[in-house]
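**Q** Listed below, chain by chain, are the residues.
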Amino acid sequence: MTFDIVVILMFLGAFSAYLISKASLKAGAYATTVFSLGALAVLLMGRSEIGSEFSVLFMNFEVTVIGWYFSGVMVLVYAMTSFFNSFWMDKMMYPGSYNFLYLFSLAGTLGLFFASDLITLFIFWEVVVWSSTFIIPMGKSRRAAVVYYTISSIGSMATLYGIMLVYRISGTLVIQEAFVPLKEDPLTATVVFVIFVMAGLTKIGIFPFHIWLPLAHGSAPHTFSPVLSGGLVKMGAFIAYMSVAILPAYEAFEGSLKIMGIPLQLYFLMILGAISIVLGTLMAIKQEDAKKLIAYSSVANGGYILIGILMMDQLSFAGSMMHLFNHAIASAAAFLAIAVVAYRTGTTKISELGGMIHRMPLTYLTYLIAIISLAGIPPMGGFVSKWLIIQGLADRGLMFMALAAFFGSIGSFLYVFRPLAAVFLGQLKPEHEHLKSEPLMMKIPMVILMVLILYFGVLPKWLLGIIGEIQVAAGIEPVMMSGNTILAVNGVLNTLNVFMIFGFGFLISLIIFLLMQKSRRVGLMDTYTSAEFIYTPELYHYAGAFYAPFERLYQNHPSVEKFLGAIAWKFHELGTVVNALFFSHKPAVTVFWTSVILVMITLGGAGI
Amino acid sequence: MNLVNFAYGLLLLLAAFVFQTTLTGINRKVVARLQRRRGPKFYQQFIDIFKALSKGSTTHGWVFDFGVIMALGGIMATAIFIPFGPLKAVPGMDNIFIIAYVLAVGMLGMAMSASGSGNPWASIGVSRALTNMLAYDIPFMMVVFGLIFAFDSSSLSGLAAIQREGGLLGWNVLRFPLGGIVAMISLQGMLGKKPFDSFIAPAEIASGPMVEYGGRHLGMLFLLHEYSTFIEVSLIVHLFFGGGATVLEFMVKYAVIYTFLNLVSNVLPRFKIDQAVTFFYKVPLAMAVVQTFLIIFLGMGVA
Amino acid sequence: MVNPVLLIALPLLLAFVSIVFKAYKNNLLVFGTLLNAGLVLTLNKGQYIIGGFQPPFGINLVLDDFALTGILIINGLFLVITLMSLEKLEGFASVLLVALAGLNGLVLTGDLFNLFVFLEITAITAYILSSASKEYRYAFNYLVLGTLGSGLYLFGLIVLYAVFGTLNMADLSVKMAAVDASQLVLPSLLIFIGLAVEVKILPFNGWVKGVYSGTNSLVGPLFASVYAAGMLFVFGRIFAQVIPLGTYLRTSLVVLGALTLLAGEVAALSKTRIREILLYSSIGQSGLIAALFLSGLVFVAVMQLVNNALSKAILFTVAGQMADSTGTDEGEELQGAFLEHKIAGVGFTIAALSLIGLPLFYGFISKMNLLFGIFYSDNYWLPVVILLGTVIEGTYMVRLLVKLWTPGDEGIVSEKAFATERPLTIQSSKVMGIVVLSVVLLIGGLLPAVIQDNLTDSGSLLDEVTPAYLFDLKGGQ
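Protein chains in written order, with this note's numbering: chain F, 563 to 1170; chain Y, 1176 to 1478; chain B, 47 to 523.
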């Protein structure tokens, strides 16, 4: 009952946000905050109504636990980011439309997660794709929007083919029933699985579909990048979940070749996930733009999420579900922190920044906590989820995924540290000397996100409880917890204890620090310089090519971007060829082709 | 968890400090003898640390201080998780991945503080240190992954106990010799000893992360160094040399391994940072993958 | 009871009157189109005999659901497009009235020779209209190819008449069905090629490029939506009802349609001028619709046809107007053109999205139905082609939309200052027309029943049961 109203209200809210924007841009921006916070509140309060079904127009919905969980993550990211909208109203090309599309895409995601039939699912999928497509070009790149749309639509068209195939086979589109006949037919199930999961892969940004992420996340409006990276990417995880849990892949592929108990079809996808982790990490390390860097980190984290979902087990799956949440809020927080910097300085280029900590300490703290979580370091949420994923991998002995996971984990220290050192730490540039601190409305979401990241890293019980319900619904063993201890088959983790011991260590360290002689405060330029005299802070800052020796090792790497670009260009050329061959200004050409066709078909027909 | 655990933790920290710092002092002596010098007194390291702590210093802002506190705090917390032989301050918390990741808090704190100094040389040092970490950690984690799969446990003390059941031949370094070699090489990298010491670069202080530190900051970083050495060597002792049924056994094994690595370090030249990465990915990583492959697919050495 | 022959006779009459009363010819045109559109709403289905001879000996008009949908679309769109671009009429009012008569005749007639006459009438008006661009060479090309097509059509007709002795559609369809289809390859093919020239099937469509790319805001939408719709309705009538195709010929021609779709979309991808993009998209859509008709999927073909006609009317109006008022339709030159014309821009966007087949717009409903239809005819390769075409179509449409909405070079935040300085004007009449058409697309997408009800039976007289799969989500439970 509550949920149908919230879905409809969000669509109406999108229109009213547009109308309000016509009266006052700021008010329109606040409307996005009000509506998305409202949706969040309804979702939280309506948890008891999970399982309710409803229909709007010709579309059918059912609220499942997983749908509720995903929409919760999504709405949270949207709501937190919406606090930033008002600051960009005067900079945006179409502020009213931005507010409209912002809420419209949110409404679309809600519809997507609640869909109970495949057509409704597809409708909302496409609604989200096209509504977000029109937000992206308001940022720095038009090409990004086209690439985003093309890649998304390759995925969604493949999925649509899968939907049609499923319907042809089972005669129904109800999600829970449509895939049932596939269990008896592994070959068809493989085909359906591979094409159905495509939309998911393109959206998560799994290799080789990852190319849109850095482009779109890196150049979208600053207020939309957090949503893209934290929120919309997670739609792909939902499709991935559907293809392995609802299909259900493990049952359908029971008879196929298995590697360490994983059917080959899934193993192949896991390899793609592993490649995404490695590739995302390597690319993130060498980025010169903070937003692109976080975008590539989303590629890497998407790999973790995909691998975990495909495992469909007690540990990795739970880890993946939790990572989805952790990555959503951490990546949103990181993007928001960069957005604050961009708002004050007008750039996101790492080498043009520095020393921001001295002007916006809270933003620095937000970024710090976000990256600690992204890198999977305790006591933040990202640690718990990565721990679960890796324990699960160790349990199954999936060594190549684990190799990628380790590389991604350690590599993430490298890339997350880069903006920390070069944007927030180091020398403050003279032109940034008089920057103001972050406005209050920006502080609110950042503080909330910080608290959430820390809270779920220390006390993940509530979150893992929901994930346990999802696992039960998906028919697998739920993750076990006793008190604050997560019980894995091959290890235990008490996050509260980790936090307390960490606090204890910190306390001792603090005591040592305080007991000793006080230090004298000196300026940033007052450093050891091998006796050189230095006057230019902007030159005395290590920011560009941060990991130069490492980057050199893979600077001549093969690029899938170039390859895909070449394919796109081939289509272009094909168009020119077609044009030259058939669409001529000379009627003789047409007459020629007409006779060719006439002769060919007549002869062929006579021959038969 | 209660106050007793914290008290134990504190004791363990003290013990680890005394033990490792003494060992460092002795090793300075050993190295000196290797180089035909007399060398400092075996307690010289204590003197150095306390002297540094008691001196005045300069600071470059709050993140410079905060980073140091966070670094030492994180490392001490990690040290509390490490079983000292059979002794554990907090039971059930010696999960290898927890330790590996909590260790990173300290690393991050130090990196943050160093970059916060505003000295680009420090940032360069940090960039080298992190690159080095990406090199040595992956082969090591790979081997550890194989161990966890083999014994279905990721607890340090648990893995050590399993080894001790098989006597001397039960030691993982003998069961999985390839993995043992990888672990030793990685440990050399973790400790920042030659040939993998380009990020500390003791001979060229101007290009290391430590360039801006003095006084209590430097003293705390000395402490940090002792603790991280303790953590890293203990990891290897527990994972590959059967840990210790008694505190003494643990300490002996520990001392032997540490001294051995120190000696190795002193007869080797230094890798450039990209050479180190290439080396780790060519040799130890390949060995680690082979080792893990043998464990997982052939069950070699597990039974 | 209104006789549908009035739909043909009245515009013709008005056309003659307009030649006499030159001063009032524009008014007569508006009157004629309004009258026709009004008449359509009062028509009853049935068979209407002209001249008193009973078919198969006399000429008759067939007004079934199929034809009704056809004249509804043709007259409705004709009205809207004419009203939108009255200022572009110049000397063409009489021609347009004749064209209206010819198009109605095409859809209504039940006789193949009569069809030929209307085909010629319509074609001649098209030749004249295509000369409005002052590119006489292209108009001449069109004339040559159109004549070639009509000639081949007539040739096929003669063969059929020689064999069966009748040209009445209903009669012929019965007689032809009794003969082995493989013996009818030549006449079928000749008629196919004859119509394919007008329907724009590859490779008989060489004229389209020259003619469409120079059209103004009146001729462009007329060609791309009204003429195209009329010709496609004829095509559907003949190849889904009258002439039975053997498996071989049917498959070859479906492949030809699919190739047209791909070739059109791929060619559009390589273009940068707006009207060129749209004209290749029209070719692609024609190929798709023709392939659907040839596969016997009449209902979904009509749905897609309606979608294409409505969308193209908007798209070509805006594109033509851009070219008329700014002197160019190069996408790069018109960056941010919609900044000052938001309503027209939104209409253009809705039309483009509907053409791609994105949800909330009518195009989605038709795309879903056509996919369901094809899957139910157990054809698994055609959907692949269609979906590939959709991806390409989406790519160039989004590329165009993004350019028209958000100006600015790569790497720079889009700003109003980067918008084109060319003076684009869009008259309020056009804006109103665009709004009406895009509202139809929107309503069609949200309440599929509205349009669906009018289309449900369009295939029913065609002996081809094409069930409406429309959102029968529970699989008929």
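Since the hints were derived computationally from the structure, they do not count as laboratory data.
Among the hints, a few may not be true.
What the hints assert, rightly or not - Heads up, incomplete: computed chain Y residues facing chain F, CB under 10 Å, no partners named:
hint: 1; residue: Leu1185
hint: 2; residue: Leu1186
hint: 3; residue: Gly1249
hint: 4; residue: Thr1306
hint: 5; residue: Met1308
hint: 6; residue: Asp1327
hint: 7; residue: Pro1370
hint: 8; residue: Pro1444
hint: 9; residue: Thr1467
Said to hold, decoys possible - Coverage of chain F stretches by chain Y, computed from C-beta distances (three or more under 8 Å per stretch; other residues unrestricted):
hint: 10; region: 865-879
hint: 11; region: 935-942
hint: 12; region: 953-963
Keep in mind the model is a prediction, meaning the values are calculated, not measured.
C-beta: ideal position from N, C-alpha, C; glycine also.
**Q** For a quick check of understanding: which of the numbered hints are violated here, in increasing order?
**A** 2, 7, 8 and 10
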